[in-house]
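Chemist: Sequence:
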Amino acid sequence: MRPATPLSRVRHIKRYREIIQVLARHGFAGAIGQARILDRVSLPLPIGRDAVEPQATPVHVRMAVEQLGPTFIKLGQLLSTRPDVLPSDYITELERLQDDVPPAPWEMICDRIESELEAPLSDIFEWVDERPLAAASLAQVHAGRLRDTGEEVAIKVQRPGIERIIEIDIEILYDLARLLDLYSPLSEAVDPVELVEEFSHAINLELNYIREGKNADRFRRNFRDVPYIHIPKIYWEYVSRRVLVMERIRGIKLDDVEAITTAGYNPHRLGIKAAELLVKQVLDDGFFHADPHPGNLRVMKGEIIGAMDFGQVGYLELRDRLLLAQLFVAAGRQDADRVVDGLITMGVMNYFVDRAPLRRDIVRLMHKYTGLPLSELRAADIFREVESVLFRHRLKVPTDLWLLIKTLVILEGIGIQLDPEFDIFSVSEPHIERLSRELINPQTWVSPALSVGQTWVNFLSQVPLDGRNIMRQIEEGKLSVQAELKGLDRILALVDRVVTRISITMLLAALVLGLGLLIPNVELLVPGIGPLINIILIGSFVFVSFLGLWLLVSLVRGGPSK
Numbered sequence: 174m175r176p177a178t179p180l181s182r183v184r185h186i187k188r189y190r191e192i193i194q195v196l197a198r199h200g201f202a203g204a205i206g207q208a209r210i211l212d213r214v215s216l217p218l219p220i221g222r223d224a225v226e227p228q229a230t231p232v233h234v235r236m237a238v239e240q241l242g243p244t245f246i247k248l249g250q251l252l253s254t255r256p257d258v259l260p261s262d263y264i265t266e267l268e269r270l271q272d273d274v275p276p277a278p279w280e281m282i283c284d285r286i287e288s289e290l291e292a293p294l295s296d297i298f299e300w301v302d303e304r305p306l307a308a309a310s311l312a313q314v315h316a317g318r319l320r321d322t323g324e325e326v327a328i329k330v331q332r333p334g335i336e337r338i339i340e341i342d343i344e345i346l347y348d349l350a351r352l353l354d355l356y357s358p359l360s361e362a363v364d365p366v367e368l369v370e371e372f373s374h375a376i377n378l379e380l381n382y383i384r385e386g387k388n389a390d391r392f393r394r395n396f397r398d399v400p401y402i403h404i405p406k407i408y409w410e411y412v413s414r415r416v417l418v419m420e421r422i423r424g425i426k427l428d429d430v431e432a433i434t435t436a437g438y439n440p441h442r443l444g445i446k447a448a449e450l451l452v453k454q455v456l457d458d459g460f461f462h463a464d465p466h467p468g469n470l471r472v473m474k475g476e477i478i479g480a481m482d483f484g485q486v487g488y489l490e491l492r493d494r495l496l497l498a499q500l501f502v503a504a505g506r507q508d509a510d511r512v513v514d515g516l517i518t519m520g521v522m523n524y525f526v527d528r529a530p531l532r533r534d535i536v537r538l539m540h541k542y543t544g545l546p547l548s549e550l551r552a553a554d555i556f557r558e559v560e561s562v563l564f565r566h567r568l569k570v571p572t573d574l575w576l577l578i579k580t581l582v583i584l585e586g587i588g589i590q591l592d593p594e595f596d597i598f599s600v601s602e603p604h605i606e607r608l609s610r611e612l613i614n615p616q617t618w619v620s621p622a623l624s625v626g627q628t629w630v631n632f633l634s635q636v637p638l639d640g641r642n643i644m645r646q647i648e649e650g651k652l653s654v655q656a657e658l659k660g661l662d663r664i665l666a667l668v669d670r671v672v673t674r675i676s677i678t679m680l681l682a683a684l685v686l687g688l689g690l691l692i693p694n695v696e697l698l699v700p701g702i703g704p705l706i707n708i709i710l711i712g713s714f715v716f717v718s719f720l721g722l723w724l725l726v727s728l729v730r731g732g733p734s735k
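If you count the sequence shown from 1, position 129 lands on 302 in the numbering used here, and the numbers rise without skipping.
To be clear, the hints were calculated from the coordinates, so they are not data collected in a lab.
Ideal Cβ positions, reconstructed from N, Cα and C, are used throughout, including at glycine.
A hint or two may mislead.
Restricting the straight-line Cα-Cα distance to at most 30 angstroms, the calculated cross-link-like pairs of lysine-lysine (DSS-like) are [stated by the list, open to error]: (1) Lys-569 / Lys-541; (2) Lys-541 / Lys-453; (3) Lys-453 / Lys-426; (4) Lys-426 / Lys-406; (5) Lys-387 / Lys-426; (6) Lys-387 / Lys-474; (7) Lys-541 / Lys-579; (8) Lys-569 / Lys-579; (9) Lys-579 / Lys-474; (10) Lys-406 / Lys-387; (11) Lys-426 / Lys-579; (12) Lys-387 / Lys-453; (13) Lys-426 / Lys-474.
Derived Cβ-Cβ restraints for the label pairs, each shown as a range [claimed, not checked]: (14) Arg-318 / Ser-599: 39 to 49 angstroms; (15) Arg-610 / Glu-303: 53 to 63 angstroms; (16) Ala-529 / Gly-437: 51 to 61 angstroms; (17) Lys-426 / Ala-529: 43 to 53 angstroms; (18) Arg-610 / Glu-340: 47 to 57 angstroms; (19) Trp-409 / Arg-537: 49 to 59 angstroms; (20) Asp-321 / Asp-262: 51 to 61 angstroms; (21) Asn-642 / Arg-414: 44 to 54 angstroms.
Please build the complete structure, drawing on both the sequences and the hints.
Modeler: Given below as structure tokens:
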């Protein structure tokens, strides 16, 4: 991302003025004054540096974002996934952001398709409907039919000029973020520059339709053995960064219960299928659709659910999925300390967070929900309280994990519309149990521990070579030191011995580390086995300790003679 310069501020002065005026009207005059923005851009607005504005209420924040256009709407959607930045009432309001806009003129869309696919429209398509199926701030979708095969397709076209609009807005956002970072107390709670960088990365990924097509193909592979889920085919000969041609999905919106019932489909069964769709993506595949609103999920013939629009996706590595399962088990046993440790491991908090008040909040949450039947649990209620805890303790949830939470809440809302008794936790339970069993699989934890050990072995094995290189530079006069070095051969020999012995010790320690990671999970899932396992663990630590003592003694005895 290119930072703004005085020249770019002049070049974009009209947009600067528009942004600042809209923000000021909606309650941000004080923040603008504190950040000295007016001095930097020389805007003659009637806002003093010490102006006291009415509170920027959640509704006004949403209204300002909608008025500022597509870039800010997307930024608002990102902020709605950041409970460490905004309190829950602001997040709830930003979730209501509307991304529907009037369609771009057909002539502009036609020109874009032809320029991107490098062929006249009539050479590729038998027909294309000039009226879009859907129009949003970044793109619009048109129905068509391929000339060669006669297949009906959906043509997603990036709105002409949108990339330049986003580029200018991000440049301005970056400049404003730097000013906030320098002059505003808001930067004590959140890094505004980092936030803009995260947003810039996310929106540029969403603008790349080649990436979206690859996402769709990956979903097709993941669900090839699931008969009740359909992912549209991508026609790669007609794909570019700005145009995506895919199979057209016809069906009923998943939340249109009346139409679903009229068509003779079973809403309860569809709710279960939708839940399985999400749970498989998250817990089995670690790759999930992060925008499952009803418009992107259609009920096709035969009660098949068709999914569309793969621009926003989330990722969960196996490690994160296992940690999630571990958190569920710990929460079920009301082990608040293990939950806090899990949050640290997942990167949600660091060691400097005050554990005591956080632990109290976690205990309160667990007492409130533990023991309730799964059918009485609602993800939306739970995560709304989790949002408050996260904001109160300034905990930062990794982006993909929070995308997962928001996706879960959206899908639960759809499921409840289909069936008031919808229960996503019951659907998730078998998958969580399977992951929990993996927690006690030695291969699951020993392999990462061995990887860590190998990293240390590689590092330590490199020490003699680095040492020789340094000595060679000294001998050749390329590195000057103010000391007389003698007996280099003896020093290097000592280094070789040290590295060899430390490498052996580190490898064994890594094995014990893997065992140490495994033990708590065995104890969680198999109560009563702890004492026996702990004896094994303590014995292993004693062995490594004696090995370390032997290493120390051998180094002292085998050191270089003076």
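Chemist: Are the hints correct? Go through all of them and say.
Modeler: Evaluated hints:
1. Lys-569 / Lys-541: holds (23 angstroms)
2. Lys-541 / Lys-453: holds (28 angstroms)
3. Lys-453 / Lys-426: OK: Lys-453 and Lys-426 at ~21 angstroms, within 30 angstroms.
4. Lys-426 / Lys-406: holds (19 angstroms)
5. Lys-387 / Lys-426: holds (24 angstroms)
6. Lys-387 / Lys-474: holds (26 angstroms)
7. Lys-541 / Lys-579: holds (21 angstroms)
8. Lys-569 / Lys-579: Holds - the C-alpha atoms of Lys-579 and Lys-569 are around 15 angstroms apart, at most 30 angstroms.
9. Lys-579 / Lys-474: Answer holds: Lys-579 to Lys-474 is near 29 angstroms, not above 30 angstroms.
10. Lys-406 / Lys-387: Given that 30 angstroms is the threshold and the Cα spacing comes to 11 angstroms, the pair holds.
11. Lys-426 / Lys-579: Given pair Lys-426, Lys-579 holds - Cα atoms ~20 angstroms apart, limit 30 angstroms.
12. Lys-387 / Lys-453: holds (19 angstroms)
13. Lys-426 / Lys-474: Holds. Lys-426 to Lys-474 sits at ~12 angstroms (cutoff 30 angstroms).
14. Arg-318 / Ser-599: 39 to 49 angstroms: holds (43 angstroms)
15. Arg-610 / Glu-303: 53 to 63 angstroms: holds (55 angstroms)
16. Ala-529 / Gly-437: 51 to 61 angstroms: holds (57 angstroms)
17. Lys-426 / Ala-529: 43 to 53 angstroms: This hint holds: roughly 48 angstroms between Cβ atoms.
18. Arg-610 / Glu-340: 47 to 57 angstroms: holds (49 angstroms)
19. Trp-409 / Arg-537: 49 to 59 angstroms: holds (52 angstroms)
20. Asp-321 / Asp-262: 51 to 61 angstroms: Since Asp-321 and Asp-262 have Cβ atoms about 53 angstroms apart, the given range 51 to 61 angstroms holds.
21. Asn-642 / Arg-414: 44 to 54 angstroms: Since Asn-642 and Arg-414 have Cβ atoms about 45 angstroms apart, the given range 44 to 54 angstroms holds.
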